[in-house]
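Engineer: Chain residues, written in single-letter form:
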Amino acid sequence: MNIVVCIKQVPNTTDVKIDPVTNTLIRDGVESVINPFDAYAIEEGVRLKERFGGKVTVVTMGPPQAENALKEAISLGCDEAVLVSDRKFAGSDTWATSYTLSCAIKKIGVFDVIICGKQASDGDTAQVGPGISTHLDIPQVTYVKKIEDISNSKAKVERMTEEGYDIVETPLPCLFTVVKEINSPRIPSLKGMMKAKSAKIAKWNAEDIDADPKNLGLEGSPTRVVKIFTPPPRKGGEMLKGDAAEIAEKLGELLKDIIL
Amino acid sequence: MDYLLNEQQVMIRDLARQIANEKIKPIAAKYDETEEFAWEIVKVLSDSDLFGIYIPEEYGGLGGGVLEMCIVAEELSKACGGIALGFAGTALGTYPILLYGNDEQKKRYLPDIAKGKKVAAFCITEAEAGSDAGGIKTTAKKDGDNYILNGTKQWITNAGEAEVYTVIAMTDKTKGARGASAFIVDKNMKGVDFGKKEKKLGIRSSATREVIFTDCKVPKANLISKEGMGFIVAMKTFDNSRPGVAAQALGIAQGALELAVDYSRKRVQFGQPISSFQAVQHMMADMATQIEAARALVYATARMVDSGAKNISKESSMAKLFASDVAMKVTVDAVQIFGGYGYMREYPIEKYMRDAKITQIYEGTNQVQRNVIAANLIKESIKEK
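Heads up: the sequence lines are chains E and V, in that order. The numbering used here puts the first residue of the first sequence at 1, with every later residue one more than the last. The numbering used here puts the first residue of the second sequence at 1, with every later residue one more than the last.
In case anyone wonders, no lab produced these hints; they're calculated from the structure. Careful, some of the hints might be misleading.
Unchecked claim - Pulled from the structure, derived: some chain E residues nowhere near chain V, Cβ distances all over 12 Å:
1. K146
2. E181
3. I228
4. G236
5. E238
To be verified - DSSO-like cross-link-like pairs, simulated, lysine-lysine; straight-line CA separation at most 27 Å:
6. V:K115 / E:K55
7. V:K117 / E:K191
8. V:K25 / E:K180
9. V:K117 / E:K55
10. V:K220 / V:K117
11. E:K195 / V:K115
12. V:K43 / E:K55
13. V:K43 / E:K197
14. V:K141 / V:K175
15. E:K191 / V:K106
Cβ atoms here follow ideal geometry from the backbone N, Cα and C, with glycine treated the same way.
Pulled out of the complex, with its shape left as it was, chain E reads as follows (with noise of 0.2 Å):
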């Protein structure tokens, strides 16, 4: 099986800053590790590959210092690496971000399941694993928490909703976001930091994906962010005292004042 794992390498921080003219990340000086949930895809990508053979490939879209967190995903099982690099692919949204890994994905060739984490911890879209899908125009199951088969060409998984969970069977070749509860990542091995230190990651510009320019980067992004702020945090609640009747009056009053 031919299983290929995307990630991104996002700011090791929850306090990131933003740019106040561009209304995008700024990532200068800050330390740079794999998203979150990219770790159970990758985890999940190698085990699927223990349960089933086959590889895994990891992709990513990022500048070339994005090279480390693809010799991590290397370390921890991965077989090959693809890093998709460009200065055209600069501001990209998550539909030009989708669309240029899809252009990736199609050199790579074949493939039978990719899997993404369900969404990364710096944007918080959960946008690119879904329109990489539609892009290759095959099924796509979000928050997957469990794959339970994969035989005879279909993947049987269990995807998590608020209440439970669904189970889903899809024909292949399809795509999985998966959630924090599917696996436990592992350690990497002495070996696998080995071979990651040496091993050769591909690097592809725009070209060598036949990516179309205008789908590309800040003009093939049709977002335009407008503003982007940190909600202002919560107020603590006001407990009323007095007995039932009082605290009914009091409760009364405060309606009023917030609905008339």
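Chain E is already provided as a structure; the job is to place chain V on it using the hints.
Structural biologist: Chain V in isolation, oriented as in the chain E frame:
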């Protein structure tokens, strides 16, 4: 202090540290309480290739030496000195094969140990023979192509969990220590039994049991080296493994210091963190200095062993003696810094003090280490004249 580790050693250290922090720390208290053997950590260590770091590449390992073994023992012991023994006790049980085994024995046993598929144990101690290895009562009687083992080994680390046992038994009682021989015994051989699991002061997640041999038939092919070499095999094994005990002690001490420093910054008395009191500061400064001195000695000894130096007993004993005494002192002081909280089992620090004690006792008490050191001093002095 920068010990100028090479790239691979740094990789090993960081990986062992990650395992200690992410996998061992969260469960150390639980296993201390239940006294169970932490197979889940053996699995993690084996998946990460750490069991093979001191085993040559031709036998499926990574080709490192005693220094690499020490680095891992230290890092794991920072989180739990007991769980670390699954690793360090295996190294002790493996050294007889590594040092004196023939190629066939190495091919048969080392790859599984390197992969972490099999845990190992070393059996020398008996009820009446510990530091006095000449008092061993377990016998190995030659019978055609086999040896028949009878006797009981006591306080064997990893016993019952391990698959591979290296055993010292007497092939000729009349010769005393020169009548001892070393054997490799598989857990599933007929006549191998285990006594009850011992309840201990510390390193409680480590399995300690009797290993009982009753007419246990061991093939001649499992004799390590030659008949009569058992005592030498044991002594050379200890020369290589004592830096590992020292590293375990070092890790326990370092782990305790880190907890104590962290606690001192959070604990407020008289309106300020206790880390602002000079009395506490000086304690911590002494602890850190002693630990660094111990580390310098342990790493230097490990490097000396790895260089192929012939006489390493003195240095190996010094490292074990010094690091374990430091561990005991540092962990007692760490509990003191925690005060009343430190005495409570709800807090992690008292466990470090309990775990530290064994490092002064096993693989030769610190009194025996002093004997070894003194004997070597005197021998060197005679040679010089």
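Engineer: Enumerate the violated hints, using their earlier numbering and listing them in ascending order.
Structural biologist: none
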